[in-house]
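If you want the building blocks of each chain, they are given just below.
Protein chains: 2
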Amino acid sequence: MSKQRLFTPGPTPVPEETLLELAKPVTYHRTAEQKAVFAEVVADLQYVYQTKNSVVVLTSSGTGGMEAAVSNTLAPGNKAILLTAGRWGERWKGILKAFGVETVLVEAAYGKAIPPADLEAALAKHPDTVAVFGTLSETSTGVGHDVATFGKIVAKTPALLVIDGISGLGAMECRTDDWNIDICVSGSQKALMMPPGLAYVAVSDKAWKRIEGNTASRSFYFDLKRYKAKIPENDTPFTPANTLIKAQRISLKRIRAEGIENLWARHALMANAARAAVKAMNLENFAERPNNALTVITVPAAIDGTAFLGKLEKQYGYKLANGQDNMKGKIWRLSHMGYLDPFDILGALSAIELVLVEMGHPFEAGAGVAAAQRVLAEGVRK
Amino acid sequence: MSKQRLFTPGPTPVPEETLLELAKPVTYHRTAEQKAVFAEVVADLQYVYQTKNSVVVLTSSGTGGMEAAVSNTLAPGNKAILLTAGRWGERWKGILKAFGVETVLVEAAYGKAIPPADLEAALAKHPDTVAVFGTLSETSTGVGHDVATFGKIVAKTPALLVIDGISGLGAMECRTDDWNIDICVSGSQKALMMPPGLAYVAVSDKAWKRIEGNTASRSFYFDLKRYKAKIPENDTPFTPANTLIKAQRISLKRIRAEGIENLWARHALMANAARAAVKAMNLENFAERPNNALTVITVPAAIDGTAFLGKLEKQYGYKLANGQDNMKGKIWRLSHMGYLDPFDILGALSAIELVLVEMGHPFEAGAGVAAAQRVLAEGVRK
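These protein sequences, in sequence, are chains A and B. So the first sequence is numbered by this note's numbering: it starts at 24 and just counts up by one. So the second sequence is numbered by this note's numbering: it starts at 24 and just counts up by one.
Please keep in mind that the hints were generated in silico from the structure rather than gathered at the bench. Among the hints, erroneous ones may be present.
Copies of the same chain look alike in the list, so a pair counts if it works inside one copy or between any two.
Unchecked claim - Straight-line distance between alpha carbons at most 27 Å, and here's what the computed DSS-like set of lysine-lysine pairs gives:
| no. | residue 1 | residue 2 |
| --- | --- | --- |
| 1 | Lys253 | Lys342 |
| 2 | Lys135 | Lys342 |
| 3 | Lys120 | Lys232 |
| 4 | Lys351 | Lys248 |
| 5 | Lys248 | Lys116 |
| 6 | Lys26 | Lys58 |
| 7 | Lys342 | Lys58 |
| 8 | Lys47 | Lys26 |
| 9 | Lys135 | Lys353 |
| 10 | Lys276 | Lys47 |
Build out the structure end to end from the sequences listed, making use of the hints.
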């Protein structure tokens, strides 16, 4: 028997009742029933975001939500500060370039986090900055950024704080309002326990003011003003992926029932267990400031990282993610997002140990799972 | 018992096996298996389009595909001719305006079709036209356009022919290559028997040449060059709605098995039956040049059109579409798209008759269904 288990940091496992919702007959999208569903989804997303701001629902990948954040707030030639420490920071860079934005780079190496002091210095040097772009969970390295402090710094200026929370939201603490995040982008296929296809954009009043004054923007499908105009009707300007919205409602109900703080705590427990196991297996955690959405492991020099992942999947059905682009073969990424609990993580760690043993990695077999188990036991006792 | 039946021109009914595919566990999107699925979907879409051109798969509403067609081919200040005879022509107009295109309007009233001679005259007057935009099935009125003739006219010029085939493709004859359509946009939720969430864009070599030379374009998510670069790998540049792509494969297999000409013929049979029934029920077909994706009925002066649709849905479970915007209450729109066969149409006509009788419309009860049945009998004998 070969049981397949998904531990990639998006797409992630989806609860059975959400999948079954997707198998229901398709309905028309402009009905009172669909509008009630939409209102419920938006309210539950506001809860997940911890915000009173409006949340826009886009039918697109997360990148579409990122583009909406750029194209709506900035005109060509405007200045932005970009905090980048990995591939998803680079995604912002590509979008900012495509839209002709003058971008000031504040960079950190892969595996490191941007120190808030670097942002403060950049803002002082560039007081004409219109927006600051950053990443909550840099999924390419496992780093989590100190967005709370970024928010304190940016809130003192006229600039907007725009955060890619695609793989962070739900998996790690993110308090959109308390942290002064003006635009926070997320997606369905990460901690929100859904297939890909929907992007979410939470927009503050400060951001709406900027968006409404930005007449130089060229966009239509991602024109956030068109979505805002439909919010009072609980509707969208264009035919949405309405079956995905109905399914998202089901997964969000599960999150509501668990409670957002418990959700963060569950991810913390899984991440702490995994990180303890990594050390006990004589391996290293790659991220300097790790976040709880995923655990990123540095591949030891003696092991072929890509071959390792192939064995893990082929022999034991565990699908982890490789490093992307130039990180390929150098790191392994074990997601904690989606419909996963600590026992799922324990199973994944067990399979990892088996392949480590097979590939001759020097460590005490069983030590990883035991270390994780101790963290779990401690977590349950709390 | 209340059985619900969907006859709106998008979303449309989806086959059970496609819905069940959506209930399967979610998988990672960058795998050999997913790439094989993607290749199959693109090949089957090429078959539906009747094209050798590349077909780009976007995670978005159909409007996203339309925006891609505009933003990739045109720079602000470029000239375009827009053939518009309804709400979907107006959708092109809104997008062209958002992207700063100088648009020459060739208009026809709601319910009428654009005469090809009007396009010929406009092109002669505006030889600097970069692209001509039109609509295959103008779903807001039920009109089908003579895209074959549009194609003959535009092919003689340097201009591109860009067609919104969102609700036409699959439901009516559309030969992308033979008709010289340079860009043809479609969507999953119409005749392709899927929920909403995916847009498809078929792009000719002539169009690619234009796109590659158009350096003034500002786009990222809808930058077609990024999608083209991924075609050799059977991949997409951004995380696609991969569960929808897997489900689209199932519905496309059904279309392949039926055969594209049989698919067109089935829609023609359903549309001919419905149109015959409309006349026999002492009603009028609204469209001057009706297409086979849907039948649009003019609401008689003595009947409250919106109340009629409410009764049809509440009493008999048949969900038809109202007119949009200023057409509301003036027309009824009965779709023939999606997982529907002639017997489904017969049932819808029967329910329509019952409400007409109830609302005192003067006609011979049973005449509509009988007229439709005669068309079906004739169709089967062929």
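Open item on the list: At most 27 Å between CA atoms: does that hold for Lys26 and Lys58 within a copy, between copies, both, or neither?
Closed with: between (38 Å within a copy, 21 Å between copies)
TODO: Give the relationship of Lys135 and Lys342 under a CA distance limit of 27 Å: within one copy only, between copies only, both, or neither.
DONE: within (25 Å within a copy, 56 Å between copies)
Open item on the list: My question is about Lys253 and Lys342: at a cut-off of 27 Å on alpha-carbon distance, are they close within one copy, between copies, both, or neither?
Closed with: between (40 Å within a copy, 23 Å between copies)
Open item on the list: At most 27 Å between alpha carbons: which applies to Lys351 and Lys248, within, between, both or neither?
Closed with: This pair counts as between: shortest inter-copy Cα distance 25 Å, intra-copy 40 Å.
Task: Identical-chain pair category, Lys47 with Lys26, by Cα at 27 Å - done: Both: 26 Å inside a copy, 14 Å across copies.
TODO: Please work out whether the CA atoms of Lys276 and Lys47 approach to 27 Å or closer within one copy, between two copies, in both situations, or in neither?
DONE: both (18 Å within a copy, 20 Å between copies)
- [ ] Can you give me the call for Lys342 and Lys58, within, between, both or neither, at a CA distance of at most 27 Å?
- [x] Classified as between; 16 Å across copies, 37 Å inside a copy.
TODO: Please work out whether the CA atoms of Lys120 and Lys232 approach to 27 Å or closer within one copy, between two copies, in both situations, or in neither?
DONE: For Lys120 and Lys232, both the intra-copy (23 Å) and inter-copy (23 Å) Cα distances are at most 27 Å.
Task: Identical-chain pair category, Lys135 with Lys353, by Cα at 27 Å - done: Only inside one copy: Lys135 and Lys353 sit 15 Å apart there, 62 Å across copies, limit 27 Å.
Open item on the list: Checking an output row: Lys248 and Lys116, CA cutoff 27 Å. Within, between, both or neither?
Closed with: Classified as both; 24 Å inside a copy, 18 Å across copies.
Figure legend: structure checked against the earlier numbered hints; every hint is met.
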